[in-house]
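Given the coordinates of chain A, assemble chain B onto it according to the supplied hints.
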Amino acid sequence: MSLRHIFIVYRKELLDLLRDRRTIISMIVVPVFIIPVLMTGVGGAAVKIVIKAQQQIPDVMVLGGEDSPATLAALRALRTVKLAPPSADFTNLITEKTIRAAVAIPKGFDAALQSGEPTGVQIYIYEGELRSSIGAKALESFFQDLRERTVRERMAARNVPEMLLHPLNIRQTNVAPPKKVSGNLLGSIIPYLIILMCMTGALYPAVDLTAGEKERGTMETLLCSPVARTDLVLGKCAMVLTASLVTTLLSLGSTGASFMLAKKMAAGMAGGGELPLTMDVSSLAAVFVMMLPVAIFFSATMLAIGLFSRSSKEAQSYLQPLLILTILPAVASLLPGVELNYRLSLIPVLNVSLVCKEILSGTFHWNYIALIFASTCVYAFAALSVAVALFKRESVLFRT
Amino acid sequence: MIEARELTKVFRDKKRGEIRAVDRVSFRCEPGRIFGLLGVNGAGKTTCLRTLATILRPSSGTASVHGYDVLRQPEKVRSHIGFLSTATALYGRLTAREMVEYFGRLQGLSEALLRERLDAIFAELDMHEFGDRRCDKLSTGMKQKVSIACTLVHDPPVMIFDEPTNGLDVLISRTVLNFIRHCRQRGKTVIFSTHVMREAEKLCDTIALIHHGAILAEGTLAQLRERAGAQDLEDVFISIVEGSR
Numbered sequence: 311m312s313l314r315h316i317f318i319v320y321r322k323e324l325l326d327l328l329r330d331r332r333t334i335i336s337m338i339v340v341p342v343f344i345i346p347v348l349m350t351g352v353g354g355a356a357v358k359i360v361i362k363a364q365q366q367i368p369d370v371m372v373l374g375g376e377d378s379p380a381t382l383a384a385l386r387a388l389r390t391v392k393l394a395p396p397s398a399d400f401t402n403l404i405t406e407k408t409i410r411a412a413v414a415i416p417k418g419f420d421a422a423l424q425s426g427e428p429t430g431v432q433i434y435i436y437e438g439e440l441r442s443s444i445g446a447k448a449l450e451s452f453f454q455d456l457r458e459r460t461v462r463e464r465m466a467a468r469n470v471p472e473m474l475l476h477p478l479n480i481r482q483t484n485v486a487p488p489k490k491v492s493g494n495l496l497g498s499i500i501p502y503l504i505i506l507m508c509m510t511g512a513l514y515p516a517v518d519l520t521a522g523e524k525e526r527g528t529m530e531t532l533l534c535s536p537v538a539r540t541d542l543v544l545g546k547c548a549m550v551l552t553a554s555l556v557t558t559l560l561s562l563g564s565t566g567a568s569f570m571l572a573k574k575m576a577a578g579m580a581g582g583g584e585l586p587l588t589m590d591v592s593s594l595a596a597v598f599v600m601m602l603p604v605a606i607f608f609s610a611t612m613l614a615i616g617l618f619s620r621s622s623k624e625a626q627s628y629l630q631p632l633l634i635l636t637i638l639p640a641v642a643s644l645l646p647g648v649e650l651n652y653r654l655s656l657i658p659v660l661n662v663s664l665v666c667k668e669i670l671s672g673t674f675h676w677n678y679i680a681l682i683f684a685s686t687c688v689y690a691f692a693a694l695s696v697a698v699a700l701f702k703r704e705s706v707l708f709r710t
Numbered sequence: 002m003i004e005a006r007e008l009t010k011v012f013r014d015k016k017r018g019e020i021r022a023v024d025r026v027s028f029r030c031e032p033g034r035i036f037g038l039l040g041v042n043g044a045g046k047t048t049c050l051r052t053l054a055t056i057l058r059p060s061s062g063t064a065s066v067h068g069y070d071v072l073r074q075p076e077k078v079r080s081h082i083g084f085l086s087t088a089t090a091l092y093g094r095l096t097a098r099e100m101v102e103y104f105g106r107l108q109g110l111s112e113a114l115l116r117e118r119l120d121a122i123f124a125e126l127d128m129h130e131f132g133d134r135r136c137d138k139l140s141t142g143m144k145q146k147v148s149i150a151c152t153l154v155h156d157p158p159v160m161i162f163d164e165p166t167n168g169l170d171v172l173i174s175r176t177v178l179n180f181i182r183h184c185r186q187r188g189k190t191v192i193f194s195t196h197v198m199r200e201a202e203k204l205c206d207t208i209a210l211i212h213h214g215a216i217l218a219e220g221t222l223a224q225l226r227e228r229a230g231a232q233d234l235e236d237v238f239i240s241i242v243e244g245s246r
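Here the protein sequences line up with chains A and B, keeping their order. Under my numbering, think of the first position of the first sequence as 311, with each following residue one higher. Under my numbering, think of the first position of the second sequence as 2, with each following residue one higher.
Excised from the complex, chain A in its bound form:
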């Protein structure tokens, strides 16, 4: 093995790929622009949609209640809903979003409230529709107030103290520091994004440096040089790794910046103070260190697949299942209840995803961190060995 040869190959591949627009897009443009768009753009748009929906007064319909003027008058006086004229076709009107919700008031509703007889209302909604749920919530809130007021009046009439209704109070207080809250909320999605970016960064160079080289006919030119095949693979792998790490680093930087921006935007839109979320540079740096062997693993695996393929097209068709295989364990770490243990520490991608989640929430399980780092290094070495072995096989190099 010659470090000089590896460096010569690496330097040439770097120069070659930096002149390629597609590499620049996958290595720089995607992490710098896609993550902020995902985190601030999509998140901000979602918050805006909710706020806008909350600001718009939903049209609701009152069915019946002609003999309950007091309730009807109170409903008409509500500022949170706008009453639409009653119609027998209210279900279609709700599903067509002409109105957002309807409430059916039974006959003798006011009288029943007065007399103390049991009664009730029925609210009709469009399940899962945002503005319908806002309309229904306004109606529900109105009738809950009415129920509580009625109870209070009845208790007062019977001289029963109101506190009898509240034998105990239940309160929740968050004791977790903001870093842990953030880690729990964002700790799953961020490693998932970073893993995806780490892979995306390696994908195009890995294909271009192997199958692309076969396709263009430059592989034979390279094989005529006195450089050992191992050095050629290591030089190429170092380049793919650089692309992957640059993408990962930019993704992490972009994630941190987007997070701060999203936090400010959310606070601004909510009209309140700062949200109790935080993310520090040391956690992001630790995530980057954990991603190092993952990036080597991805680079070597993709290089091996690219080498085996006859053309860039074939390589891409092999790499698509790999992308799904990678996404699956990353997604598994998002599932509730999936916690880090020794068995999961050996599953590639899932292990890093889970430990990064812990790191982002400020928890450093050193035993798991060491095990995961070591096991990922073993996988990376195995993938690299496969790539080197493939590069020495004529049947692979001249597979056309």
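To be clear, the hints were calculated from the coordinates, so they are not data collected in a lab. Warning: the hint list may mix true and false statements.
[Stated by the list, open to error] With a straight-line cut-off of 27 Å between C-alpha atoms, the simulated DSS-like cross-links for lysine-lysine are:
| # | chain 1 | residue 1 | chain 2 | residue 2 |
| --- | --- | --- | --- | --- |
| 1 | B | Lys77 | A | Lys702 |
| 2 | B | Lys138 | A | Lys702 |
| 3 | B | Lys16 | A | Lys702 |
| 4 | A | Lys447 | A | Lys392 |
[Claimed, not checked] Which residues of chain A face chain B? A few of them, derived with a C-beta cut under 7 Å, are:
| # | residue |
| --- | --- |
| 5 | Arg329 |
| 6 | Gly527 |
| 7 | Thr528 |
| 8 | Thr531 |
| 9 | Ser535 |
| 10 | Ala595 |
| 11 | Glu704 |
Cβ coordinates follow ideal geometry from the N, Cα and C atoms, glycine included.
What follows is chain B alone, placed relative to chain A:
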């Protein structure tokens, strides 16, 4: 000097079974002479030359190139040869200069020597005009000059040409053929494969007729003519191939 001894290369194909691309080939190429491998497409010329260049490993037999064994010292062999074929492509995003520099560095040249060699080759091949142009923007003739420069940068004592004029127009072919002659004048060992009879006739000091991976006849043009009893090389070739059946 190149010396092939019972050189054999067998490929195994799932559909076609065992293919003997090169079958117990033995020959000797001397410095300052051009040795021609003449054969039809698929005769085994490329496989034979790739084996000599250590891109492929022989299944049996061996060869030595400039005193280095292809099996035991493949990297030494590669540092003493220049390999040129029409299949050896260039890196499109590198300039002509960067391309030659890359191969010079891979051959272990120091930066000072590389600069010296580069200036000499660029002057010799008249490449200064397009030296800083990207390879994908060059004409076929310019590309061929860059390929030649890459093979020459380390001044190898052995030159291997695998159908170097294939698909080239007459002017570029002439440049390549002149370059091959020039290599002979410099005392290099030259092995040259072609299926074009006229090229072999004009260029080679010794010709080996290769068919189905095996060498059927070897000698000077005069010796081959005498053996076949024909004057035209095409007739000589057909006569020897038919005589081998």
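Against the structure, the hints:
Using a Cα cut-off of 27 Å, the hinted pair B/Lys77 and A/Lys702 holds, with the two alpha carbons roughly 17 Å apart. This hinted pair does not check out: B/Lys138 and A/Lys702 have alpha carbons roughly 32 Å apart, beyond 27 Å. Proximity of B/Lys16 to A/Lys702 is assessed by CA-CA distance (about 23 Å); at most 27 Å being required, the pair is judged to hold. Restraint check for A/Lys447 and A/Lys392: satisfied, since their Cα atoms lie roughly 13 Å apart, inside the 27 Å limit.
Because the beta carbon of A/Arg329 sits about 4 Å from the nearest beta carbon in chain B, less than 7 Å, this interface hint is met. A least Cβ separation of about 3 Å between A/Gly527 and chain B falls short of the 7 Å threshold, and the interface hint therefore holds. At its closest, the beta carbon of A/Thr528 sits 5 Å from a beta carbon of chain B; the interface hint therefore holds under the 7 Å criterion. For A/Thr531, the interface hint holds, since its Cβ comes within 7 Å of a Cβ in chain B; the closest pair sits about 4 Å apart.
Given hint, A/Ser535 at the interface with chain B, holds; its Cβ is 4 Å from that chain's nearest Cβ, closer than 7 Å. For A/Ala595, the interface hint is violated, the least distance from its beta-carbon to any beta-carbon of chain B being 34 Å, above 7 Å. At its closest, the beta carbon of A/Glu704 sits 6 Å from a beta carbon of chain B; the interface hint therefore holds under the 7 Å criterion.
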